[in-house]
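Protein chains: 2
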Amino acid sequence: MQEELKVVFQRSGRSVFVLPGTALVEAAGRAGVILQMPCGGRGTCGKCRVRIVAGATGNDVARHAALPSDAFEQGWRLGCQVRVTTPLTVEVPPESTFEYQQRILVEDSGHGGVLDPGVAKCYVELEPPTQADSRSDLTRLCAALGGVTVAPELVAALPAFLREQDWRGTAVLADGCLIGLEPDDTTSVLYGVAFDIGTTTVVGTLFDLVAGESRAVASEMNGQVSQGDDVLARILRIREDASALLTLQTAILDTIRTIIRKLCAEADVASRNIYEVTAAGNSTMQQILAGYDPSALGEVPFVQVFDTAQTLPAARLGLPLADGATVYLFPQVGGFVGGDTVAGVLAARLDASDGPALLVDIGTNGEIVLAHDGKLEATSTAAGPAFEGARIVQGMRASPGAVEKVVLDDEVRLNVIGNARPAGLCGTGLIDAVAELLRAGIVDSTGRILPAEELPAGLPDTLRDRIAFDAEGRGRFILAVAAESATGEDLCLWQKDIRELQLACGAIRAGIAILLRRAGLQPGELGTVLLAGAFGNFIRRRNACRIGLLPAVPHEAIRYIGNAASLGAKLALLSAPVRRRADALRGRIQHVDLSLDPEFQLEFGMAMLFPEDAD
Amino acid sequence: MQEELKVVFQRSGRSVFVLPGTALVEAAGRAGVILQMPCGGRGTCGKCRVRIVAGATGNDVARHAALPSDAFEQGWRLGCQVRVTTPLTVEVPPESTFEYQQRILVEDSGHGGVLDPGVAKCYVELEPPTQADSRSDLTRLCAALGGVTVAPELVAALPAFLREQDWRGTAVLADGCLIGLEPDDTTSVLYGVAFDIGTTTVVGTLFDLVAGESRAVASEMNGQVSQGDDVLARILRIREDASALLTLQTAILDTIRTIIRKLCAEADVASRNIYEVTAAGNSTMQQILAGYDPSALGEVPFVQVFDTAQTLPAARLGLPLADGATVYLFPQVGGFVGGDTVAGVLAARLDASDGPALLVDIGTNGEIVLAHDGKLEATSTAAGPAFEGARIVQGMRASPGAVEKVVLDDEVRLNVIGNARPAGLCGTGLIDAVAELLRAGIVDSTGRILPAEELPAGLPDTLRDRIAFDAEGRGRFILAVAAESATGEDLCLWQKDIRELQLACGAIRAGIAILLRRAGLQPGELGTVLLAGAFGNFIRRRNACRIGLLPAVPHEAIRYIGNAASLGAKLALLSAPVRRRADALRGRIQHVDLSLDPEFQLEFGMAMLFPEDAD
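Protein chains in written order, with the numbering used here: chain A, 1 to 615; chain B, 1001 to 1615.
It is worth saying that the hints were derived from the structure and are not from the lab.
Everything numeric in this text was worked out from a predicted model, so none of it was measured.
Just so you know, even glycine gets a beta-carbon here, dropped at the ideal spot from N, CA and C.
Hints are supplied without guarantee of correctness; some may be wrong.
Covered stretches of chain B (in silico footprint by chain A; criterion: 3 or more residues with CB under 8 Å from a CB of chain A, positions within the stretch not fixed) [as the list claims (entries may be wrong)]:
| hint | region |
| --- | --- |
| 1 | 1065 to 1071 |
| 2 | 1287 to 1294 |
| 3 | 1326 to 1337 |
| 4 | 1598 to 1610 |
In silico negatives: residues of chain B with every beta carbon more than 10 Å from chain A [stated by the list, open to error]:
| hint | residue |
| --- | --- |
| 5 | K1006 |
| 6 | Q1010 |
| 7 | E1095 |
| 8 | A1156 |
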């Protein structure tokens, strides 16, 4: 294996190991640091600037002309122009990140600043009643807070609270309602959690809503996975057995509780100081989380229970948060196009794009949104969990030991997460492996691993020796021999794995094709393809095009935007005005039901073929 | 005892026994039928017309000149001009009643008709989803209902409901919120209950909210009575022992449940078909009902927990009503001036009166409101439970066996409820007895029962013989001798009873005096005195003036308006717009705290003296 280089990103402290020659923006993406790059990586906009704290990046000043004068000398570089050739320590200023850019855009759009959460605290010191001013307790408090509504539970608590606390305290307000009363001044203690509820993986980010800063991130496998790999399997379970709804709801709530526990431990925050949760997920995930039966998504015409945003009391869900805390679920578009898509469009600001633009959110459920001519059209497609390493013979999640990059030259070069011995193949490794095998001519456009007699003449023996077939003639490609692997067995890409990838790519590619056809657009007319998903930013653009996952557009038109659904959930947590924009967006997004398209099966079949030569 | 005459009132079917010569309006009032009489009983407005179905009323056509032509011949009479001289059966058209008049006034005031309850039902038949119309269940329903909000519990229930009910059913709506879903078309089944929550007595009226008609009335002793006679005693209990709040809340809720059970049994209605409750009570009663600690009413400066109207989920109070049913509590003015006063002013339309007008609501807590110069000023005064027969040595509630009228000439003439042997003295009997003893010169203006040597020379021996004294010189007057009474003992008015009445009258009279003085008005300037309270319409106006309970105004200026708080609660149940008017009224009523008035003690002391001769 080629030696890997460690890149450390400052502020977050996260690090990755990458092969020499990897673009710094890519390395950053793998560390979860999404650099903004509106010019598509051409080095012209100067937005992705970072400072090299340790390590060398060469002296090609001309490549970094978009930097201010003197900046180069001070160690500043354009992330898109740097290739990693030595270990690096890189400082990433917040303003170079995509997240920051999105918040600024929100601020610019006249919503009055991004940090305007739906929950707020207000410390009040009331004048005690006198004979001249004997207003009721409730009126006295409301006069100090402005017009708020107060639920009977809190009215009941008010007299004792005010008198015991000497007419002082902190009011917790959400959406014009009083949700809590706390002794003393606790206005500096206000936390919230933004969740991305994936079919396979759930990610939560704890925010200090006073500072507007994240304090901890934690992820867990969705506890529902044992009840079915994908949303259809889970819907089927509920259709077969009504009690499964509660089982599945309990599973995701347990996952959420676990994440909250981890977040609170990491940031040393008490869960009772979490006052609000936002969550973005697909239709099935959001409905099960709310306890709403998703059965009607299991049959044509795929009907959702709700589409306007839902706000649920956290207590109703058994979440151990502050009294009166709520869980906000994103509005949904229709069918399988759910809250994660709305959150993603919100975060990507796809509605504000110039010219035709595509958002592809890759997960177990793939969501695709096309913006063109002021319209937004969205569809959902069942990619299956292959991209997350599931249903792959030797697959695994993107965790230490997972092969996440494959390069073939005369040798097989692997990049393993955690710089460990390879234990399995994760989604990006799978894509890389297949793309490289296509380039090498070992796999043909139908996805077949070719027998020895059909292999290209010039294929080096070092690669040729790694191809094997079983008794039924099904091929495999040995990525790492037993002596090199963590398991003591050969680590292989199996013929079956390629079929899984073809299904996953085909579903997404067919969805893209149908949206483009409906809009009368050719792939080349897309000015921007935004690649999203917890896993999207690890995909190498060139390889995604090679296997046909993304349409044939110039690579620089493809931009990683990280986990857009998660970012949308964060923005909604940080800003009530943005949340209101989500509701407006929902009404603008038209749902395209692929199952209604007469050509879907044909498109799907065609999309399962790999492009002849897409490089 | 003089023979009594039975008067039956048609439609309600209620009957009373009265002494010959009793005014028909008074007999009606005692039967709970409050005739409207804006002219004050002068026979000029013609509003109180009734039809004599059986019995004789004389042929004095001139007295009934305000009737339309031919009406007299058809048996129509003005209620205010008829005196009962034979047993009567009387038909009372709804439009002659005070309740009806108030509803018409509401209708006239541009609120779009009185019958517009806060809760409504809507039967919907939805189009099932198709591929062309796959809107979410929630959006599909909301589109049919108009903009409504739906709580998570009902969203969760929606998918199964719509599919099991074949996309048809009845939505129950309250205040823009969906509160229930019912199979089939149940729009004809919609009930509500209006409560008057008195310190001593609780009255509930069951209404069919579709027809806008009452179906049953039931009353019960307030279950809190065992915890203290008046509001101060109950507040004190809670101040001494915090757990008493729950005890007292449970007591009133038990009373309410008992009344609901009786109402449902009488009208053959299921309690789950009761969708809304309105309740009017004084500050203490409303707060305890809601579970809000009234302790701050127990010390200067007498602070209420709330003053804007409260809407509580019935389920929170453990009331067995429809899912999602609510309990509306009236807005409150301040201190002890609570929701019953707002409800009473609403019902009496005191805010619309021409010229200075006084509303006196007599109960354990007396409320007094003065309207003058476009202003409304209200005060509350602790009359104690004497008017309801409590704290009277041989007192009892106005139930069968209670002496409710006393006339002295040479004999003692008693009117006993239910035409039974006398068992005790109720509030009106107490007032009558004292007024008659004052007239006879047996009691002097200080309230003392005079010893033999101080009695007027002309007093008949038949009365003189009924006066007795104990060893300490405390007098009593024998109303019925042992042989005539139900108990086998003498039924007496005791010196102590007169003192209780003096306290009760003094409190109310002092309140009236202070409001008049603040407004710079003399009693004679009052054009109208509205006498309200469950018990108010049983009081004989002349006797109320004789004992100084009411100021010296012409008797015809005094009008019974029945239980105004109860009527206000009914109007609020029948009409959401009226309910909103209650909130506006609250802001217009100024609270006068008698305890702050430097002359209250002086006024109170003076008001405890009976007028020298008020007849």
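Taking the hints in turn, this is what the structure says about them:
no. : hint         : in the structure
1   : 1065 to 1071 : violated (count 0)
2   : 1287 to 1294 : holds (count 4)
3   : 1326 to 1337 : holds (count 3)
4   : 1598 to 1610 : violated (count 0)
5   : K1006        : holds (48 Å)
6   : Q1010        : holds (43 Å)
7   : E1095        : holds (40 Å)
8   : A1156        : violated (5 Å)
Hints 1, 4 and 8, counting from the list given before, are not met by this structure.
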